[in-house]
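Novice: So the sequence lines, in the order shown, correspond to chains A and B. With this note's numbering applied, the first sequence corresponds to residues 2 to 422, in that order. With this note's numbering applied, the second sequence corresponds to residues 74 to 237, in that order.
Misleading hints may appear alongside valid ones.
Label pairs and their calculated CB-CB ranges [claimed, not checked]:
1) 23(A) with 234(B): 21 to 29 Å
2) 84(A) with 234(B): 17 to 25 Å
3) 197(B) with 170(A): 49 to 57 Å
Listed below are the simulated SDA-like cross-link pairs for lysine to any residue, each with C-alpha atoms no more than 25 Å apart in a straight line [to be verified]:
4) 233(B) with 89(A)
5) 52(A) with 234(B)
6) 233(B) with 91(A)
7) 81(B) with 192(A)
8) 156(A) with 215(B)
9) 233(B) with 48(A)
10) 152(A) with 218(B)
11) 47(A) with 219(B)
12) 156(A) with 213(B)
13) 74(A) with 96(B)
14) 52(A) with 224(B)
15) 52(A) with 231(B)
16) 259(A) with 211(B)
17) 147(B) with 154(A)
18) 156(A) with 195(B)
19) 20(A) with 214(B)
20) 392(A) with 104(B)
21) 156(A) with 217(B)
22) 233(B) with 215(B)
I should point out that these hints are in silico values taken from the structure, not numbers from a laboratory. Cβ atoms here follow ideal geometry from the backbone N, Cα and C, with glycine treated the same way.
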Amino acid sequence: MGKTIIEKILQAHTKDEVKPDRLIEADIDLAFANDITAPLAIEDFKLMGAKKVFDPEKVALIPDHFTPNKDIKSAEQAKLVKEFAKEYGIKHYFEVGRGGIEHVLLHEEGLTLPGDVIIGADSHSCTYGALGCFATGVGSTDLAAAWALGKLWFKVPRTMKFIYHGKLKRWVGGKDIILFTIGQIGVDGALYRAMEFSGDVIRELPMDDRFTICNMVIEAGGKCGVIEPDEKTIEYLNGRAKRNYRIFKSDPDAEYEKIYEWDLSELEPQVAMPHSPANVKGVSQLRGVKVDQVVIGSCTNGRLRDLAIAAEILKGKKVHPDVRVIIFPGTQRVYKEALKLGYIETFIESGAAVSTPTCGPCLGGHMGVLAKGETCISTTNRNFIGRMGHKDSYVYLASPAVAAASAIAGEIASPEEVMKG
Amino acid sequence: MIKGKAWKFGNDIDTDVIIPAIYLNTTDPEELGKHCFEPIFPNFKERVSKGDIIVAGKNFGCGSSRQHAPIAIKACGISCIVASSFARIFFRNAINIGLPILESEEASEKIENGDEVEIDLEKGIIKDLTKNLEFKAEPLPESVLEILASGGLVNYVRRKLGGE
Numbered sequence: 002m003g004k005t006i007i008e009k010i011l012q013a014h015t016k017d018e019v020k021p022d023r024l025i026e027a028d029i030d031l032a033f034a035n036d037i038t039a040p041l042a043i044e045d046f047k048l049m050g051a052k053k054v055f056d057p058e059k060v061a062l063i064p065d066h067f068t069p070n071k072d073i074k075s076a077e078q079a080k081l082v083k084e085f086a087k088e089y090g091i092k093h094y095f096e097v098g099r100g101g102i103e104h105v106l107l108h109e110e111g112l113t114l115p116g117d118v119i120i121g122a123d124s125h126s127c128t129y130g131a132l133g134c135f136a137t138g139v140g141s142t143d144l145a146a147a148w149a150l151g152k153l154w155f156k157v158p159r160t161m162k163f164i165y166h167g168k169l170k171r172w173v174g175g176k177d178i179i180l181f182t183i184g185q186i187g188v189d190g191a192l193y194r195a196m197e198f199s200g201d202v203i204r205e206l207p208m209d210d211r212f213t214i215c216n217m218v219i220e221a222g223g224k225c226g227v228i229e230p231d232e233k234t235i236e237y238l239n240g241r242a243k244r245n246y247r248i249f250k251s252d253p254d255a256e257y258e259k260i261y262e263w264d265l266s267e268l269e270p271q272v273a274m275p276h277s278p279a280n281v282k283g284v285s286q287l288r289g290v291k292v293d294q295v296v297i298g299s300c301t302n303g304r305l306r307d308l309a310i311a312a313e314i315l316k317g318k319k320v321h322p323d324v325r326v327i328i329f330p331g332t333q334r335v336y337k338e339a340l341k342l343g344y345i346e347t348f349i350e351s352g353a354a355v356s357t358p359t360c361g362p363c364l365g366g367h368m369g370v371l372a373k374g375e376t377c378i379s380t381t382n383r384n385f386i387g388r389m390g391h392k393d394s395y396v397y398l399a400s401p402a403v404a405a406a407s408a409i410a411g412e413i414a415s416p417e418e419v420m421k422g
Numbered sequence: 074m075i076k077g078k079a080w081k082f083g084n085d086i087d088t089d090v091i092i093p094a095i096y097l098n099t100t101d102p103e104e105l106g107k108h109c110f111e112p113i114f115p116n117f118k119e120r121v122s123k124g125d126i127i128v129a130g131k132n133f134g135c136g137s138s139r140q141h142a143p144i145a146i147k148a149c150g151i152s153c154i155v156a157s158s159f160a161r162i163f164f165r166n167a168i169n170i171g172l173p174i175l176e177s178e179e180a181s182e183k184i185e186n187g188d189e190v191e192i193d194l195e196k197g198i199i200k201d202l203t204k205n206l207e208f209k210a211e212p213l214p215e216s217v218l219e220i221l222a223s224g225g226l227v228n229y230v231r232r233k234l235g236g237e
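Input sequences plus hints: build the corresponding full structure.
Specialist: This is the structure we're talking about:
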């Protein structure tokens, strides 16, 4: 019996025999945390009696959640992280102004590579699977253990395969594919599982869309998402990869727990309604839902292509008078590129606010918190009760195209409609 | 032996309702406990007694990896969580901080709010004393038991670092 790509990657990092459901101890290529999760990890790391991190090159720290610091307590946490980085010689520490949102930054920096085993103390650490690696989110104590030992225990996940056929319609992309998939299988449809994405639709997708898909596997309960590397992956890594990397692919006779196969040729842009990422409908069914706020950005959709799509729709148009729009590029590099390409000017001209990179609004932290009764359409990843602010606020999840179209219409709208009008 | 009153929760209880992100600017368990379940169950900490047990449906603890979620629950005095399934990061976090959790679909279905529940962790036996019912939970893997036996992952690693 053949092996899946995830099984092969794990096998290359352990002496234990890799089989689904087995517990193994695997070597770690990168272990990172942010300003929320690192303080707990640092406490535990010290309690463990560790004198040094296993490899300062394989640790990264990214203050991105409550930064630029939203209050004194957050500032104290960020300071703790900075001091730890200095004390332990952590090279990959990204200060505000030289970094951005961790899951847009680390792949952009070439620190996450095909064949790697990566853990991050943030649930969206599954994003990097788009490069053909095993990447998963863990808690702070697990991260501290990995910093101390360079290894961590894992239960080898069973793999589910998702095959997508057909040709996508205009304005349909990675976000719609993953929302559609979560809508089909539910928020625990891939609990503890690896989700392998394939098919001609995936092969045609640019890297930015692939990151969006793998970013949201956690919203289906998945342990990791993965896409086999191809020429697009290699092109993305050229001049970017900081180390050598290894490409793995699934065997033709690999064992899958389940295979889903869909033709997406007729798929329209998808929207997840409050309060679950699995509560998904086509955009045409939600026409008329008024919005107070539109958020475009985040680790899900804060990449250059996302901003390009938003700019294409907002160009020469005005944001609806009743709506506030907040656009936050994922990293400083994305921000700078968007500036060069004229997107930022387009956004400002249209009446949108452009923010420095931060996770802030996505988790109701700062820079875009919702009041009681407000509705937001957002390109982020979660719409749980109270996620972006007051417990009686409402979040709809969608692509940058749908979010930008809704910003103009003042209600949930399809990009096609807005571009026609 | 764990004994306490059952507090029932539904399916897909996410970490944002367990502890809203706005309170993540601290790691202090007492402070986190005060806001535990705030969006769906205000003043949870004041209403539970030490030793009480949470009984929930499927996918408990889904969403963010914030370890503040099991820490907040533990700080409320909850002694164990029984659910038909757990989200995987929450599962690991709970074990790592020494908050016992057990999976049992049957217990999750049959135990009602307010029932007196008794749990034998080592044997994985859950008893509903109010209804006089007994359930067997999924046994925890050996390596996980080893971590629990060490008193959590911190002690486990400390021992490993000392011994190597």
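Novice: Each hint needs a verdict: does it hold in this structure or not?
Specialist: Hint check:
{"no.": "1", "hint": "23(A) with 234(B): 21 to 29 Å", "in the structure": "25 Å, holds"}
{"no.": "2", "hint": "84(A) with 234(B): 17 to 25 Å", "in the structure": "22 Å, holds"}
{"no.": "3", "hint": "197(B) with 170(A): 49 to 57 Å", "in the structure": "51 Å, holds"}
{"no.": "4", "hint": "233(B) with 89(A)", "in the structure": "20 Å, holds"}
{"no.": "5", "hint": "52(A) with 234(B)", "in the structure": "10 Å, holds"}
{"no.": "6", "hint": "233(B) with 91(A)", "in the structure": "23 Å, holds"}
{"no.": "7", "hint": "81(B) with 192(A)", "in the structure": "22 Å, holds"}
{"no.": "8", "hint": "156(A) with 215(B)", "in the structure": "12 Å, holds"}
{"no.": "9", "hint": "233(B) with 48(A)", "in the structure": "13 Å, holds"}
{"no.": "10", "hint": "152(A) with 218(B)", "in the structure": "18 Å, holds"}
{"no.": "11", "hint": "47(A) with 219(B)", "in the structure": "21 Å, holds"}
{"no.": "12", "hint": "156(A) with 213(B)", "in the structure": "12 Å, holds"}
{"no.": "13", "hint": "74(A) with 96(B)", "in the structure": "10 Å, holds"}
{"no.": "14", "hint": "52(A) with 224(B)", "in the structure": "21 Å, holds"}
{"no.": "15", "hint": "52(A) with 231(B)", "in the structure": "11 Å, holds"}
{"no.": "16", "hint": "259(A) with 211(B)", "in the structure": "23 Å, holds"}
{"no.": "17", "hint": "147(B) with 154(A)", "in the structure": "24 Å, holds"}
{"no.": "18", "hint": "156(A) with 195(B)", "in the structure": "21 Å, holds"}
{"no.": "19", "hint": "20(A) with 214(B)", "in the structure": "15 Å, holds"}
{"no.": "20", "hint": "392(A) with 104(B)", "in the structure": "20 Å, holds"}
{"no.": "21", "hint": "156(A) with 217(B)", "in the structure": "11 Å, holds"}
{"no.": "22", "hint": "233(B) with 215(B)", "in the structure": "17 Å, holds"}
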